[in-house]
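Q: All chains, full assembly: derive it from the sequences and hints.
Protein sequence lines, in the order shown, are assigned to chains P and C.
Its first residue numbered 1, the first sequence is counted upward by one per residue in this note's numbering.
Its first residue numbered 1, the second sequence is counted upward by one per residue in this note's numbering.
Be aware that one or more of the hints could be misleading.
[What the hints assert, rightly or not] No more than 20 Å apart at the CA atoms, straight line, and that leaves these computed lysine to any residue pairs for SDA-like: (1) C:255 to P:136; (2) P:166 to C:9; (3) C:255 to C:57; (4) C:255 to C:63; (5) P:166 to C:7; (6) C:255 to C:240; (7) C:255 to C:40; (8) C:255 to P:142; (9) C:255 to P:235; (10) P:166 to P:197; (11) C:255 to P:238; (12) C:255 to P:223; (13) P:166 to P:105; (14) C:255 to C:237; (15) P:196 to P:276; (16) P:166 to C:6; (17) C:255 to C:43; (18) P:166 to P:104; (19) C:255 to P:141; (20) C:255 to P:133; (21) P:166 to P:96; (22) P:196 to P:168; (23) P:196 to P:272; (24) C:255 to P:125; (25) P:166 to P:276; (26) P:166 to P:194; (27) P:196 to P:172; (28) C:255 to C:231; (29) C:255 to C:62; (30) C:255 to P:134; (31) P:166 to P:113; (32) P:196 to P:170; (33) C:255 to P:219; (34) C:255 to P:222; (35) C:255 to C:66; (36) P:196 to P:88.
It is worth saying that the hints were derived from the structure and are not from the lab.
Note that this is a predicted model, so its numbers are computed, not measured.
In case you want the letters, here they are:
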Amino acid sequence: MSQAARRSPFEPTGFGRVLETTAAWVLAVLWALPLLYAVWTAFHPAEFSARFELTAPLTLQNFANAWNAAPFGRYFVNTVALVTLILVSQFVLCTLAAYAFARFRFFGADVAFFLVLLQLMIMPDILIVENYRTMARLGILDSIPAIALPYVASAFGIFLLRQTFKQVPRELDEAARVEGAGSLRILLRVYVPLAKPIYLAYGLVSVSHHWNNFLWPLIVTNSVESRPLTVGLQVFSSTDQGIDWSIITAATLITSGPLLIAFLLFQRQFVQSFMRAGIR
Amino acid sequence: MTRVNAHVAGWLLLLPAVAFLALFTHWPAVATLIDSFHSTPRGRRPAAFVGPDNYAVMIDDPVFWQSVSNNLWFAVGTIPVSIALAILMALWVNDRLAGRTWLRTAYFTPTVLPMIAVANIWLFFYTPQYGLLEQVTGLFGAPSHNWLGTPDTALACVIVVAIWKEAGFFMIFYLAALQQIPPSLAEAAALEGASRGYYLRRIVLPLLMPTTMFVLINAVINAFRMVDHIIVMTRGGPDNATSLLLFYIYEVGFKFWDTAYAAALTMVLVVVLGAVALAQYLFLERRTHYQ
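A: Structure follows, in structure tokens:
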């Protein structure tokens with residue numbers, strides 16, 4: 001994140017600064033508390049799950065128990081397959097559509113663009129009843145493609161890439177055309193490479209969104225073979241585990257672990273991606 | 001390239017995306033409208049046209065009205081607080097207080113965690129007797145209270161979770177906006193003898209307006225589609241005290257399998273979101289900063 005080189009004259013100073021720093025930290029601790037609490041519970045034996053003693057022994061047993069109590073390995077594979085499928089299809093479909101909107105003047109382009117943008121408001125997330133029916137008709141209920149299909153054409157992605165492609169200088173496009181390159185070749189050789197940061201940003205946002213998505217996968221899946229992690233976690237923690245919190249929190253951390261670790265390692269990229277993708 | 005070719009090429013490029021959009025967004029939206037005027041097909045009995053019957057049922061359905069009212073309270077409870085907190089967080093992170101990177105991490109982390117996972121953690125947090133909340137209130141001698149199990153407090157509890165999840169996400173948009181304010185503005189204001197409060201109120205906040213509009217739209221949409229934590233924490237209970245519209249649609253459609261009624265309920269949500277879109281288009285579009 002670029003910082004202003006000069007210090008703003010309105011930055012708090014003296015006692016006010018101490019006060020604001022304290023307040024900011026109190027809020028930060030409050031914000032981190034649920035996660036810290038989960039980490040504490042997951043890494044300690046059950047009898048310390050709600051007792052905070054510094055001398056409490058550390059253990060990985062909760063993770064082992066959780067991992068053995070449900071097919072989390074399979075859920076991981078499913079989630080990775082799901083986010084990959086969605087990401088690749090989104091990249092392909094959105095790139096083509098965005099290119100059309102950015103550089104082709106074709107009949108009905110405005111209406112088509114409006115129809116695309118409609119999805120920003122009427123998103124698949126709320127059309128669960130009809131989409132379920134469609135999946136049933138297609139005979140693909142309880143499969144990973146069924147979870148992915150409603151999301152592969154993303155209005156958000158099309159809009160984001162269109163904005164980016166529009167900023168590519170036309171001269172580059174024309175120069176390539178003079179050299180005899182066709183439209184698709186120009187797209188791949190000129191536009192896509194120039195939009196790399198946007199692809200990264202969009203990719204991170206998309207992967208974290210679909211890694212975390214829950215309601216639609218919950219509805220269309222009902223077997224271990226197709227359930228993603230989020231649904232697996234819910235099935236696991238709601239089927240009378242005798243409410244063993246240490247195991248449930250361990251499972252919770254397993255589910256969010258990869259994304260959380262990726263975020264902590266590549267914070268800048270994450271924050272910048274969400275920023276880029278959001279500001280458009 | 002000839003003009004006819006541009007038409008063909010444009011549509012060919014668009015075709016795959018349009019096909020999927022039509023199949024999974026436009027068609028289901030239209031089908032929802034059609035189905036809402038039919039009965040639910042059961043067994044051998046196919047769906048029959050019933051006119052506005054489903055809507056009549058809806059008007060007489062107290063759970064529907066409670067879900068609407070819950071959803072409005074949920075929106076009123078989450079949106080202003082999370083936006084205000086987001087601005088505060090952004091100002092603090094932007095002011096380079098000690099440990100700003102840590103602050104940013106702490107504020108933003110909830111955004112990348114699955115709602116379903118954090119809902120589990122919060123569930124534990126709120127657990128009567130030995131949840132963390134109870135331990136803290138217990139220190140002050142407060143009597144034990146079943147936070148999620150009491151209709152009076154359950155909705156407030158899920159609102160807190162939503163605020164916690166969203167504020168850090170909104171923060172980054174404000175952070176981006178703050179970083180785009182030229183430092184010379186602050187210097188000029190300081191030369192003119194403006195106080196910090198005056199500077200924040202009269203210069204920073206107005207410059208943040210477009211961001212606030214963008215965040216507001218997102219927050220409103222989220223208020224109507226966030227239900228993961230409801231499914232984990234309360235299942236709409238106790239006594240439907242935390243049933244939100246989308247959650248109720250889910251229950252009616254996939255617990256009671258009354259798809260026609262669920263379609264009518266979905267139409268309400270479609271109309272609400274359509275109204276948000278219209279408002280954005282009519283009042284905000286030309287004043288926002290993107291494009």
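Q: Each of the hints needs a verdict: does it hold here or not?
A: Here is how each hint holds up against the structure:
1. For the hint linking residue 255 of chain C to residue 136 of chain P, the alpha-carbon distance of about 17 Å falls within 20 Å, and the restraint holds.
2. Distance hint between residue 166 of chain P and residue 9 of chain C is fulfilled; the C-alpha atoms sit about 17 Å from each other, no more than 20 Å.
3. A hinted pair counts as satisfied when its Cα atoms are at most 20 Å apart, and residue 255 of chain C with residue 57 of chain C qualifies at roughly 18 Å.
4. Between the alpha carbons of residue 255 of chain C and residue 63 of chain C the distance comes to roughly 15 Å, so the proposed pair stays at or under 20 Å and holds.
5. Under the criterion of a C-alpha separation no larger than 20 Å, the hint pairing residue 166 of chain P with residue 7 of chain C is consistent with the structure, at around 18 Å.
6. For the given pair, residue 255 of chain C sits about 15 Å from residue 240 of chain C by alpha-carbon distance, which is consistent with the 20 Å threshold.
7. This hinted pair checks out: residue 255 of chain C and residue 40 of chain C have alpha carbons roughly 14 Å apart, not beyond 20 Å.
8. Restraint check: the Cα-Cα separation between residue 255 of chain C and residue 142 of chain P comes to about 17 Å, which is no more than 20 Å; the hinted pair holds.
9. The hinted pair formed by residue 255 of chain C and residue 235 of chain P meets the criterion: a straight-line CA distance of about 16 Å does not exceed 20 Å.
10. With a C-alpha separation of about 15 Å, the suggested pairing of residue 166 of chain P with residue 197 of chain P holds against the 20 Å cut-off.
11. Using a Cα cut-off of 20 Å, the hinted pair residue 255 of chain C and residue 238 of chain P holds, with the two alpha carbons roughly 16 Å apart.
12. With a C-alpha separation of about 18 Å, the suggested pairing of residue 255 of chain C with residue 223 of chain P holds against the 20 Å cut-off.
13. Among the hinted pairs, residue 166 of chain P with residue 105 of chain P is consistent with the structure: their alpha-carbon atoms are about 13 Å apart, no more than 20 Å.
14. Distance hint between residue 255 of chain C and residue 237 of chain C is fulfilled; the C-alpha atoms sit about 15 Å from each other, no more than 20 Å.
15. Of the supplied pair hints, the one linking residue 196 of chain P and residue 276 of chain P holds, its CA atoms being roughly 12 Å apart against a limit of 20 Å.
16. Straight-line distance between C-alpha atoms of residue 166 of chain P and residue 6 of chain C comes to about 17 Å, which keeps the hinted pair within the 20 Å bound.
17. Pair hint residue 255 of chain C plus residue 43 of chain C holds up; C-alpha atoms about 17 Å apart against a cutoff of 20 Å.
18. Of the supplied pair hints, the one linking residue 166 of chain P and residue 104 of chain P holds, its CA atoms being roughly 11 Å apart against a limit of 20 Å.
19. At roughly 17 Å between alpha-carbon atoms, residue 255 of chain C and residue 141 of chain P fall within 20 Å of each other, so this suggested pair holds.
20. Note on residue 255 of chain C and residue 133 of chain P: the hinted pairing holds, with a Cα-Cα distance of about 15 Å set against a maximum of 20 Å.
21. For a cut-off of 20 Å, the pair hint linking residue 166 of chain P to residue 96 of chain P stands: about 13 Å separates their Cα positions.
22. Among the hinted pairs, residue 196 of chain P with residue 168 of chain P is consistent with the structure: their alpha-carbon atoms are about 12 Å apart, no more than 20 Å.
23. This hinted pair checks out: residue 196 of chain P and residue 272 of chain P have alpha carbons roughly 14 Å apart, not beyond 20 Å.
24. With a CA separation close to 17 Å, the supplied pair residue 255 of chain C and residue 125 of chain P stays within the 20 Å bound.
25. Distance restraint check for residue 166 of chain P and residue 276 of chain P: the Cα-Cα separation of roughly 16 Å lies within the 20 Å cut-off, and the hinted pair is therefore satisfied.
26. A distance of roughly 11 Å separates the Cα atoms of residue 166 of chain P and residue 194 of chain P; the hinted pair therefore holds under the 20 Å criterion.
27. Restraint check for residue 196 of chain P and residue 172 of chain P: the C-alpha separation of about 16 Å stays at or below 20 Å, so the hint holds.
28. The straight-line distance between the Cα atoms of residue 255 of chain C and residue 231 of chain C is roughly 12 Å, inside the 20 Å bound, and the hint therefore holds.
29. Note on residue 255 of chain C and residue 62 of chain C: the hinted pairing holds, with a Cα-Cα distance of about 18 Å set against a maximum of 20 Å.
30. Simply put, residue 255 of chain C and residue 134 of chain P have alpha-carbon atoms about 18 Å apart, close enough for the 20 Å limit, and the pair holds.
31. Annotation: proposed proximity of residue 166 of chain P to residue 113 of chain P holds, straight-line Cα distance about 14 Å (limit 20 Å).
32. For a cut-off of 20 Å, the pair hint linking residue 196 of chain P to residue 170 of chain P stands: about 18 Å separates their Cα positions.
33. Straight-line distance between C-alpha atoms of residue 255 of chain C and residue 219 of chain P comes to about 10 Å, which keeps the hinted pair within the 20 Å bound.
34. A distance of roughly 14 Å separates the Cα atoms of residue 255 of chain C and residue 222 of chain P; the hinted pair therefore holds under the 20 Å criterion.
35. Proximity of residue 255 of chain C to residue 66 of chain C is assessed by CA-CA distance (about 18 Å); at most 20 Å being required, the pair is judged to hold.
36. For the hint pairing residue 196 of chain P with residue 88 of chain P, the CA-to-CA distance comes to about 14 Å; that is within 20 Å, so the pair holds.
Comparing the model with each earlier hint shows no violations; every hint is respected.
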